[in-house]
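J.: Going line by line, the protein sequences match chains A and F.
Note that our numbering numbers the first sequence so that position 66 is 66, with each residue one more than the last.
Note that our numbering numbers the second sequence so that position 192 is 192, with each residue one more than the last.
Among the clues, some could well be false.
As a list, the in silico SDA-like pairs of lysine to any residue whose alpha-carbon atoms are at most 25 angstroms apart [to be verified]:
1) A:Lys149 <-> F:Asp204
2) A:Lys4 <-> A:Arg22
3) F:Lys114 <-> A:Gly245
4) F:Lys73 <-> F:His140
5) F:Lys114 <-> A:Lys49
6) F:Lys114 <-> A:Lys240
7) A:Lys49 <-> A:Arg8
8) A:Lys240 <-> F:Trp79
9) A:Lys240 <-> F:Gln98
10) F:Lys114 <-> F:Trp23
11) F:Lys73 <-> F:His208
Since the hints were derived computationally from the structure, they do not count as laboratory data.
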Amino acid sequence: MPMKLTLRVWRQAGPNADGAFREYQANDVSPDMSFLEMLDVVNEQLTAKGEVPIAFDHDCREGICGMCGLMINGSAHGPMPATTTCQLHMRSFADGETITIEPWRATAFPVLRDLCVDRSALDRIVQAGGFISVQTGNAPDGNALPVPKQDADAAMDAAACIGCGACVAACPNASASLFTAAKVAHLGFLPQGQPERYRRALKMVAQMDLEHFGGCTLFGECQEACPKEISIDTIGRMNKDYLTGMLFEPAENQKAAGAG
Amino acid sequence: MSVSTLPAAGVARPPAGRVRRFWDSSVGKKVVMAVTGIGGIAFVIAHMAGNLQMFTPTAPAQAMHTYAAGLRKLGPLLWIARGGLVAMVVLHVVAALQLTARNRAARPSAYGRKEHHTSTWGARSMRVGGVVLVGFIVFHILDMTLGVGHPQFVHLDPYNNLRLGFQRWWAVGLYVVAAGLLGLHLFHGAWASWRTLGLRRPSDRPLHRNIAIAIAVLVTLGFAAVPVAAALGVFAPDVVQEVAP
Ligand code: FES
């Protein structure tokens with residue numbers, strides 16, 4: 001049964017242009033389409049009519065790259081928990097429904113066009129400390145460095161972050177705490193991440209503030225929006241690493257820029 | 001407030017000392033809010049326990065007088081404690097105002113539609129509730145500590161000051177509402193403070209908060225008990241038998 005939908009889409013010609021919602025009718029939507037496929041069809045119709053298609057970000061379309069990300073009916077990545085926009089199917093909506101589609105809204109994520117935002121602030125947070133410093137060369141033997149099972153699991157859970165920015169989008173404060181905490185935790189749980197562990201938290205938090213993200217007030221909206229179900233527990237861990245660094249990290253390590 | 005002091009995105013700050021960097025960071029300010037908040041929770045629980053001596057079965061006026069006079073006997077320690085409390089409130093409020101300003105600046109244009117999935121009434125009322133509570137604290141100190149505007153205030157006779165003060169129906173309402181707001185504030189704060197400090201074990205249900213609920217209920221009921229009992233006439237007239245030295 002094809003569905004008929006009304007789309008209220010945010011259209012904005014460029015970073016400095018004023019944006020507004022515009023309504024489009026989408027008839028003949030298959031419930032088995034993904035949300036992005038539905039937008040593709042709408043865009044083909046717009047193009048055929050000589051209108052400018054709706055710009056939106058996407059890449060892998062299988063929930064692993066983090067490029068897609070839309071505010072759908074007030075929820076980041078739409079109504080399904082643990083699902084990216086590209087993995088969301090139209091059967092999650094009702095026939096005849098009006099769907100509001102907006103870009104992530106945050107000072108740190110300027111709108112480039114329509115539904116595309118610039119998320120390079122997240123990249124700069126990673127550049128500030130989301131790395132380990134090792135000698136390059138041959139890969140070390142797989143079992144040379146024992147990692148306790150629970151630490152490996154916790155690191156993997158945090159490393160599931162695809163950097164889509166849904167946590168920022170869903171947070172009433174537009175805070176990047178869950179993203180930053182996930183990046184701090186996935187290295188900090190592993191032995192290779194220990195040498196720079198506390199410096200990492202200091203530098204990444206400092207960068208997060210510089211990028212004009214808000215702060216964490218533990219609303220919990222981020223973990224609900226996260227397509228990878230990363231827990232707000234990571235934020236407590238980031239804060240603890242940050243505090244430990246503030247209290248005990250020698251001054252020269254706090255100041256040193258880049259790799260140690 | 002502090003937003004204008006932030007440099008543009010991506011611009012490095014001039015080098016600053018450790019305390020300055022801590023206070024400037026969003027995590028640092030939250031840590032300050034958590035620590036001062038936990039101090040505040042300890043204070044309100046102690047304060048509430050003191051109030052409940054109103055229900056002493058025999059000679060309650062004497063019990064309350066001895067308690068009040070005992071606090072006064074601490075002398076300089078009392079002033080240190082008062083100074084500490086004021087400092088905690090100031091730090092808590094200043095950090096909250098600055099963080100709120102930053103958080104607002106971080107989302108300047110609102111969504112056309114936004115759903116809330118997990119945030120509680122407690123979390124969403126922290127700012128408004130906090131402002132109301134600060135106003136209440138000022139009124140309460142004027143009313144019950146200094147006796148300004150109180151109908152029959154007698155220094156060091158808290159039993160009768162409370163008993164008579166709560167014959168004003170509006171005061172009963174105000175104190176009960178404030179007790180409820182405090183409970184709501186602690187429903188979020190008593191849970192969030194430990195999480196902010198990273199003192200909670202990882203959990204499958206990080207939003208659960210049994211201890212915070214217990215604290216919130218205890219504090220609300222404990223503080224509401226005295227005005228409600230006074231309004232119901234539970235406190236019989238009584239006098240201070242012996243003025244404590
Ligand atoms: S397009 Fe890659 S995660 Fe959605």
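J.: For each hint, tell me whether it holds in the structure or not.
T.: Cross-check of the supplied hints:
At most 25 angstroms may separate the alpha-carbon atoms for a hinted pair to count; Lys149 (chain A) and Asp204 (chain F) meet this at roughly 17 angstroms. With a CA separation close to 17 angstroms, the supplied pair Lys4 (chain A) and Arg22 (chain A) stays within the 25 angstroms bound. For the hint pairing Lys114 (chain F) with Gly245 (chain A), the CA-to-CA distance comes to about 36 angstroms; that exceeds 25 angstroms, so the pair is violated. Straight-line distance between C-alpha atoms of Lys73 (chain F) and His140 (chain F) comes to about 22 angstroms, which keeps the hinted pair within the 25 angstroms bound.
Proximity of Lys114 (chain F) to Lys49 (chain A) is assessed by CA-CA distance (about 32 angstroms); at most 25 angstroms being required, the pair is judged violated. For the hint pairing Lys114 (chain F) with Lys240 (chain A), the CA-to-CA distance comes to about 31 angstroms; that exceeds 25 angstroms, so the pair is violated. Simply put, Lys49 (chain A) and Arg8 (chain A) have alpha-carbon atoms about 18 angstroms apart, close enough for the 25 angstroms limit, and the pair holds. At roughly 33 angstroms between alpha-carbon atoms, Lys240 (chain A) and Trp79 (chain F) are farther apart than 25 angstroms, so this suggested pair is violated.
Taking the CA atoms of Lys240 (chain A) and Gln98 (chain F), the gap is near 22 angstroms; set against the 25 angstroms cutoff, the hint holds. Annotation: proposed proximity of Lys114 (chain F) to Trp23 (chain F) is violated, straight-line Cα distance about 32 angstroms (limit 25 angstroms). At roughly 42 angstroms between alpha-carbon atoms, Lys73 (chain F) and His208 (chain F) are farther apart than 25 angstroms, so this suggested pair is violated.
In this structure, the hints that do not hold are numbers 3, 5, 6, 8, 10 and 11, in rising order.
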